[in-house]
Amino acid sequence: NAGVTQTPKFRVLKTGQSMTLLCAQDMNHEYMYWYRQDPGMGLRLIHYSVGEGTTAKGEVPDGYNVSRLKKQNFLLGLESAAPSQTSVYFCASSKEVEGIQPQHFGDGTRLSIL
Amino acid sequence: GQQLNQSPQSMFIQEGEDVSMNCTSSSIFNTWLWYKQDPGEGPVLLIALYKAGELTSNGRLTAQFGITRKDSFLNISASIPSDVGIYFCAGQPPYNTDKLIFGTGTRLQVFP
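The listed protein sequences derive, respectively, from chains A and B. Sequential numbering of the first sequence, starting at 50, is according to this note's numbering. Sequential numbering of the second sequence, starting at 125, is according to this note's numbering.
Calculated directly from the structure, the hints in this document are not laboratory data. A hint or two may mislead.
Claimed, not checked - The calculated lysine to aspartate or glutamate pairs, modelled on EDC-like cross-linking and capped at a C-alpha distance of 20 Å, are:
(1) B:K175 / A:E145
(2) B:K223 / A:E79
(3) B:K223 / A:E145
(4) B:K194 / B:E178
(5) B:K223 / B:D195
(6) B:K194 / B:D222
(7) A:K106 / A:E128
(8) B:K175 / B:D195
(9) A:K120 / A:D75
(10) A:K119 / A:D75
(11) A:K63 / A:D111
(12) A:K144 / A:E101
(13) A:K63 / A:E128
(14) A:K106 / A:E145
(15) B:K223 / A:E108
(16) A:K58 / A:D75
(17) A:K58 / B:E165
(18) A:K120 / A:E101
(19) A:K106 / A:E79
(20) A:K120 / A:E145
(21) B:K223 / A:E101
(22) A:K119 / A:E101
(23) A:K120 / B:D222
(24) A:K58 / A:E128
(25) A:K58 / A:D87
(26) A:K119 / A:E79
(27) A:K120 / A:E79
(28) A:K58 / B:D162
(29) A:K119 / B:D222
(30) A:K144 / A:E79
(31) A:K106 / B:D222
(32) A:K144 / A:D156
(33) A:K119 / A:E145
(34) A:K58 / A:D156
(35) B:K223 / A:D111
(36) B:K223 / A:D87
(37) A:K144 / B:D222
Said to hold, decoys possible - Which stretches of chain A does chain B cover? Using the computed rule of at least three CB atoms under 8 Å from a CB of chain B, they are:
(38) 79 to 90
(39) 96 to 105
(40) 152 to 162
For each residue, glycine too, the CB sits at the ideal point set by N, CA and C.
Could you build the full structure based on these sequences and the hints that come with them?
Written out as structure tokens, the structure reads:
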């Protein structure tokens, strides 16, 4: 019963390096989301997708790109990592049911940028 | 953008006590959700509220969707040590039903 799986769980990068975070869900959900969580700021939406091949910007999209080539996967890319992107990143997915969208979360990726 | 004000920021209580926390906004929401996050894990959905005035329970948890659609409350009765964690409210704004807006969280600590 995997649900939402995020890889990697931890990563340390140097400023300027690039990397991709992977989110995979096995619930056949249409909607997928990427959030970042910083102390005292709750969860802030980076990008989201309402279906395969679609993406949209959230509250804090700058410095990130995403792709949804397959329904079950949602990738978050950092082209040139900056210390301000040190955070815990959460992926979530949901299946719209009459307009209501309870989201299911992965366990997070802890990313440190030095 | 639209924000949710969640209070209190943190709570330190004795086991067995009841807990109340709330979430308010200057704008209306279509749906209110309450999540709990344990250390090192992602948030887990506790309760979902779909209609103004709705009162819903899940075991020792009770949540209400405010009649003005601008607030929601979560109560935990007879707290136990495993209630420790961060509780988040989240609302679905009417202008964009594809996403949720999250509150800043209430950190709950329960002492035996």
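Tell me, which hint numbers fail for this structure?
No numbers; nothing is violated.
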